[in-house]
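Participant: With the sequences and hints as input, model every part of the structure.
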Amino acid sequence: MASVKSATLEDDIKDPDLLHQIRNPLSTTEELDPVSRLSLDIFIALTNGSQQMYTDIREALQRFDKRIVLDSYFVVKSRMEQLTGVFKVMTDMCPHGCIAYTGPFADLEVCNKCQTPRYKEHTRPDKKKARKQFSTIPLGPQLQAQWKSPEGAERMRYLTRKTQEVLDNKDRNGSIVIDEYEDIFHGSDYLQAVLDGRIQRDDTVLMFSLDGAQLYRDKESDCWFFIWILLNISPEIRYKKKYILPGGFVPGPNKPGNLESFILPSFRHLSALQKEGLRIWDGQQLMWMRTYPFFLFGTADTKGIPVISGLVGHSGKHGCRVYCGFPGRHKPGVAMHYPAALKPHNNDPGISDHPDIDINTISPPNVTEYHDNLRIILEAQTAKAYKERRLETGISRPSICLGLQRGMTLTPPTCFPIDLMHLCSLNIPQHLLAIWRNSGDSKVQFVIKPDFIILDQNDVWKAHGDLVASMRPYLPTSFDRPPRNPALKINSGFKACEYLLYFWALGPAVFRPLLPHNLWTHFCKLVHVTRVIHQRKITRHQLEIAHRLILEWEHEFEQVYYARDINRLQYIRPCIHTMIHSIQETVRCGPLNLLAQWALENTVGNLGREVRQPSNAFSNLAERGLLRARQNALMAIMPELNICGHLPRGALSLGDGYCLLRACERNEHAPSIEAEADAIRKFFKTRNDTSLPIRKWARLLLPNQQVARSLWKDGREGGRTSRNVKLKLSVNGYQVYSEVLYYFTSTTAPHGTAFALVSTYSNPHLELLSVSHNTLWVARHLGVHGLHVIEAKSVESVVAMIPFILNEEEKNSPHALDKYKDCYCMVEKPFLAAVSTVDELDQDGEVIDN
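For the sequence shown, the positions run 127 to 976 when our numbering is used.
Honestly, I wouldn't trust all of these hints.
[Claimed, not checked] What follows is a list of derived Cβ distance ranges for each label pair:
hint : residue 1 : residue 2 : range
1    : Pro-774   : Pro-379   : 39 to 45 Å
2    : Ser-618   : Pro-576   : 56 to 62 Å
3    : Lys-258   : Ser-176   : 53 to 59 Å
4    : Pro-481   : Ser-896   : 32 to 38 Å
5    : Met-216   : Gly-300   : 25 to 31 Å
6    : Pro-458   : Pro-379   : 32 to 38 Å
7    : Ser-301   : Pro-524   : 33 to 39 Å
8    : Ser-301   : Ser-779   : 40 to 46 Å
[What the hints assert, rightly or not] In silico DSS-like links for lysine-lysine, alpha-carbon gap of 25 Å or less:
hint : residue 1 : residue 2
9    : Lys-140   : Lys-288
10   : Lys-513   : Lys-457
11   : Lys-239   : Lys-381
12   : Lys-296   : Lys-140
Note that these hints are calculated values from the structure, not bench results.
Where a beta carbon is used, it is the ideal one built from N, C-alpha and C, also for glycine.
Facilitator: Next up, the structure:
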């Protein structure tokens, strides 16, 4: 901590030229000659390619015209370094990953853990060569690049503009009014920092994210990534890879023994910038200024967060990562505490015998208690006293963030929000499945099997897995990766995005036939809360309902599943407790999905795929990360180098982000089906137009980058249905959902106007909607009776409509079969800011002769 507090730029950057470059950046960018510009354009276009690909194109152009001599691969890389000023710092580390030779280990020549020498043998004393090193990419030059162009400076002032809007929205008493949570600028902790003057209008607000990954599934290849996320820019672009700032890479194959020593150079650099400020050229205002980086949040998964928080981790007696003071209960023979609110009946005296805890009194992070307890830990005189105090306080050491400059970070532990990705997309689904299957660490021997164990029989589990896999054709392509058969794939790389769709999108439908009704409605409470906290925008009213439901869910979970039985204490895992904090944390930090680790997971994935040298994977990964940092900086400095996406040939722009995409008919004609003609005629009649010539179109690109298809061209065998849409319309207070038959234009309508012929779904089944806590929307497809024409811009998003799944009793009931005939469950895509993908656009559309 002291090493961070007293840090200077010279601590890790030894080259005086690089130091001068950071402190005295250029205000202008050199003009590129045509050949240099072409070389950079081709180099950037081939970023995911190899050096050989660039060389081959260079030679091909020279064969075409000997006057075209592109710069060599190495010249282009050197020019990128010169233009951006982005560089890496190499630091010695133990070959086995025990420590990095930083901070208290900086002067060691032998690892204090494994006794391995730091330097290679037979090297000259004045030219010692380290056995192994890791790379850090300093933050300063990357931030300078983001401000340098007019477009970049405009992007970086998004947070300032939105914050001012929030501060201006006050009630009669002068209090700030927040009715909807949209981004961090609605979080109470951020706003308080602004009101206190700790965050100024030109400051750069940052989030740090850390995680480990396996480069290869079938061999030891552990490595650790850390990145910086710019919270100044809009969340619409914040998580795209060209705005993610790589921070550093720790090579494997072994897991780092002291990970804090590896992130120390990054935090020292940040602390130094907070002290002296970072000189930048504001490309919008054309003036020099200083920006001070504010460390708002640090995120990691359950195992990684203790590295930066200094807390004991999830297995401790006070293991809550929010640090709310909730004491866990200990189960004899298990080296872990479980955060159960209810006292077990059959525990041994003296073990977990503190009384019941009222979960309604659970508090946000307690800063005062944290600092009081930290003082207690630091005053421990013996190893025994330290262990006892660590158990009772939940603190193992001071957080590295305490070394950052005072007032330039949220005070620990408030700067460590919940990681929604691991919590909702891995921990809770895996835990609930283990309980329902009575498997793994959750396995319990029962005299009488409880009714919540529903998937312990192989045939039931297999049938459920087949059902989940059968949902694939109904899930639009914009829903990312559909869940595979969990009975086959749950132990072999079932992805977080698959769990997200499986549990929180499909869950109410696919678990309804299995769970007893009371447990199904209990599960639906959790689904409701999870969907709310994943929304892009969350109203205060939604949060109030969700908070009540999550408290009810946790209390009922303990009563039904744990039932005060110490043999089932393992059912109350930390993820169950953490969900209680989800609403409070949303109010404190803003929408939690914007702070989740999707951005880091995406960075791990796309950088990992760029590794081209399996024999030297870790060095290659570090080089790819440095190249990514330089390319991102270059495109921020010179926006004209950005390769913008182009619409496919023949697309028709409708404005406001809407665009018709082929296939399309060549000529206009009258509809051949009378029911369709009547619907179109009725619509046009209201517009004082009786003509019917139309030209069909197959697809519609939406502002959210989803592609809504149509029945006309969405009937591909084995494909995924993307023709069901949510409309910006409501009937009797209920949202309208429809199936698109086709889109069309007409010469009788104004240019740039398009329409859609849709078949609507009925209003939802009210009983199912009510008992499922608004998570199971079941509606009947109205077919020809629901034909309507709408304006194409009335389409809001693409949704899934999956066939309604009957339970065994309903399958044997003629009344139920008739009641739910042609009924479908509506499923919306969970909000995945960092991993959402754009539907693939064909570069050539089809023209149909009619």
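Participant: If a hint holds in the structure, say so; if it doesn't, say that too.
Facilitator: Hint-by-hint comparison with the structure:
A hinted range of 39 to 45 Å for the beta carbons of Pro-774 and Pro-379 is consistent with their spacing of about 44 Å. Ser-618 and Pro-576 have their C-beta atoms about 29 Å apart, which leaves the hinted 56 to 62 Å range violated. Against the hinted window of 53 to 59 Å, the Cβ-Cβ separation of Lys-258 and Ser-176 comes to about 26 Å, which falls outside the hint. For Pro-481 paired with Ser-896, a C-beta distance near 36 Å keeps the hint of 32 to 38 Å intact.
Met-216 and Gly-300 have their C-beta atoms about 53 Å apart, which leaves the hinted 25 to 31 Å range violated. Here the CB-CB span from Pro-458 to Pro-379 is close to 37 Å, well matched to the stated 32 to 38 Å. For Ser-301 and Pro-524, the Cβ-Cβ distance of about 36 Å falls inside the hinted range of 33 to 39 Å, so the restraint holds. The supplied range of 40 to 46 Å is met by Ser-301 and Ser-779, whose beta-carbon atoms lie about 44 Å from each other.
A distance of roughly 39 Å separates the Cα atoms of Lys-140 and Lys-288; the hinted pair therefore is violated under the 25 Å criterion. Our distance criterion of 25 Å between C-alpha atoms is met by Lys-513 and Lys-457, whose separation comes to about 19 Å. Proposed proximity of Lys-239 and Lys-381 is supported: the alpha carbons are some 14 Å apart, at most 25 Å. With a C-alpha separation of about 50 Å, the suggested pair Lys-296 and Lys-140 falls outside the 25 Å cut-off, and the hint is violated.
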